[in-house]
Structures are given as structure tokens and as C-alpha cells.
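Numbering (our numbering), first residue to last: 9 to 117.
Keep in mind that a hint or two might mislead.
[To be verified] Lysine to any residue pairs mimicking SDA-like chemistry, simulated, CA-CA at most 25 Å apart: (1) 39 to 54; (2) 72 to 47; (3) 39 to 17; (4) 79 to 102; (5) 72 to 16; (6) 39 to 98.
Simulated from the structure, these hints should not be mistaken for lab results.
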Amino acid sequence: MAHDLQLPLLQLSQLNRQVTENEPPTLNHLKESGGVEENSDNVWFLHRPNFIVNGVRTTQAVEKAQVIVAKMRNSSLGVVNVEYRPGIGFMDPMPGRYSQFDDFKNEDV
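Start from the sequences, fold in the hints, and give me the full structure.
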């Protein structure tokens, strides 16, 4: 459908119940999800490792989270660590993990 309409298509899917507490999700957790794993060009997971600690949900104002790129056709896979602010639903790069373009000098280019 996305190819026919020439626009991006976003599909959200709930993971199956095999996911255990604080375990990072994988493509295997999408099995039996109507072909999401096979038919998708990209699969990204949002993972909050400290969301549940000892069976209790955390209530931190800022917590560590991960954007896991589990599948991306024609590109590489990886994990991006971010800070997540659940109160406002906002994600930021981890402090000190990236550089502003202003930090580069002309001779660095």
C-alpha cells in the first residue's frame, strides 16, 4: 500500500507475551503478529530497561531508554540511547553522546 500511494506507512504492533521483565525486545517477539516482521522495511523498538523493577513500575521524571533498530533494509542496525521524560512523552539524546555542528572547526571538515 505504501508503495502504491508513494507515502510512508507507520504500523504499530504490540509485542507478544514472551517478553520478560526488562528484556530488550527482538524480532522474535513479533512472531504471529500478522506478518509485521516479514513485510516491514524497518522495525524499531522503544525499550525502557528500568520501566519495571522487581515487579513495580518506576516513576522517575527522567529515565534511560533505548531506540533499537532491529531491522532496516539497505542500512545498518543498532541501538540509540536516549533520555525519556514520561511526563511529557519526550526523548532526548543522552548528554555528551553527540556534538553540535558548531563544535566542529573548518579544518575538521
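Determine which of the earlier numbered hints do not hold for this structure and return their numbers in increasing order. Checked against the structure, the hints that fail are numbers 2, 5 and 6, while the rest are satisfied.
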